[in-house]
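J.: Chain order of the listed sequences is F and V.
Going by my numbering, 64 is the number at position 64 of the first sequence; the sequence numbering is gapless.
Going by my numbering, 36 is the number at position 36 of the second sequence; the sequence numbering is gapless.
Please keep in mind that the hints were generated in silico from the structure rather than gathered at the bench.
Hints may contain errors.
Unchecked claim - A partial selection of chain F residues facing chain V, derived with a Cβ cut-off under 7 angstroms:
| # | residue |
| --- | --- |
| 1 | Gln-41 |
| 2 | Gly-42 |
| 3 | Pro-43 |
| 4 | Phe-66 |
| 5 | Phe-105 |
| 6 | Gln-107 |
| 7 | Gly-108 |
What the hints assert, rightly or not - Residues from chain F shown here face chain V by an in silico Cβ test under 10 angstroms; the list is partial:
| # | residue |
| --- | --- |
| 8 | Tyr-35 |
| 9 | Phe-65 |
| 10 | Arg-110 |
In this text, a Cβ means the ideal position worked out from N, Cα and C, and glycines have one as well.
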Amino acid sequence: GAGVSQSPRYKVAKRGQDVALRCDPISGHVSLFWYQQALGQGPEFLTYFQNEAQLDKSGLPSDRFFAERPEGSVSTLKIQRTQQEDSAVYLCASSNAYPNTEAFFGQGTRLTVV
Amino acid sequence: AQKVTQAQTEISVVEKEDVTLDCVYETRDTTYYLFWYKQPPSGELVFLIRRNSFDEQNEISGRYSWNFQKSTSSFNFTITASQVVDSAVYFCALTSEGSYIPTFGRGTSLIVHP
Chain F
1 GAGVSQSPRY
11 KVAKRGQDVA
21 LRCDPISGHV
31 SLFWYQQALG
41 QGPEFLTYFQ
51 NEAQLDKSGL
61 PSDRFFAERP
71 EGSVSTLKIQ
81 RTQQEDSAVY
91 LCASSNAYPN
101 TEAFFGQGTR
111 LTVV
Chain V
1 AQKVTQAQTE
11 ISVVEKEDVT
21 LDCVYETRDT
31 TYYLFWYKQP
41 PSGELVFLIR
51 RNSFDEQNEI
61 SGRYSWNFQK
71 STSSFNFTIT
81 ASQVVDSAVY
91 FCALTSEGSY
101 IPTFGRGTSL
111 IVHP
């Protein structure tokens with residue numbers, strides 16, 4: 001596809017369940033970001049990849065959060081033992097250079113932990 | 001540390017009114033980049049504009065215009081003759097050479113009534 005694709009669009013998880021969120025960036029984009037967006041807030045940085053290298057994971061809120069991009073294209077954000085406070089929209093963005101170019105965002109995955 | 005402040009949480013206007021969305025930023029870097037994104041109800045953030053710190057020229061694109069003033073650390077966004085389709089949440093964001101991690105404001109929800 002032409003844009004950034006995220007799946008699933010919606011995910012309901014029981015507390016304690018593990019979830020995996022997928023991001024397909026724009027083909028050829030080397031930079032990939034994950035953000036967490038709580039209701040009524042701006043996106044908060046989670047982690048950044050340049051190709052397959054995870055250059056920054058300082059925004060991951062706990063060791064229950066893990067992200068990977070093994071072949072430098074598709075990325076997966078995994079959350080283990082989900083908690084209610086993990087409920088948010090998770091946004092993925094890609095760009096072909098950073099920081100001086102715009103990022104292209106996916107529609108996000110809305111995670112609800114019950 | 002970087003910071004972006006969008007003091008207006010929500011703005012409500014009637015169609016054809018002009019509206020200005022405020023953005024104030026803080027950074028210690030001399031080279032930085034400012035962005036505006038639009039987030040419609042569908043969820044994905046749509047890039048509107050990028051400005052680097054060395055270019056203070058105001059920009060106009062159709063009904064949209066941006067006023068960048070380094071003296072007041074502001075990068076305000078004006079929509080002229082607003083339309084219902086402009087209803088969305090608008091985010092101002094900042095990156096810099098010293099911190100490529102993007103910082104977003106909390107967003108301004110614009111509601112345009114017919």
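J.: Could you run down the list of hints and mark each one as holding or not?
T.: Do the hints match the structure? See the list:
1. Gln-41: 6 angstroms, holds
2. Gly-42: 4 angstroms, holds
3. Pro-43: Interface hint status for F:Pro-43: holds (5 angstroms vs cutoff 7 angstroms).
4. Phe-66: Cβ of F:Phe-66 sits 19 angstroms from chain V, so the hint is violated.
5. Phe-105: Holds. Min distance 4 angstroms.
6. Gln-107: 4 angstroms, holds
7. Gly-108: 5 angstroms, holds
8. Tyr-35: Holds, because the Cβ-Cβ distance from F:Tyr-35 to chain V comes to roughly 8 angstroms (cut-off 10 angstroms).
9. Phe-65: 16 angstroms, violated
10. Arg-110: 8 angstroms, holds
Consistency with the previously given hints fails for numbers 4, 9, ordered from lowest to highest.
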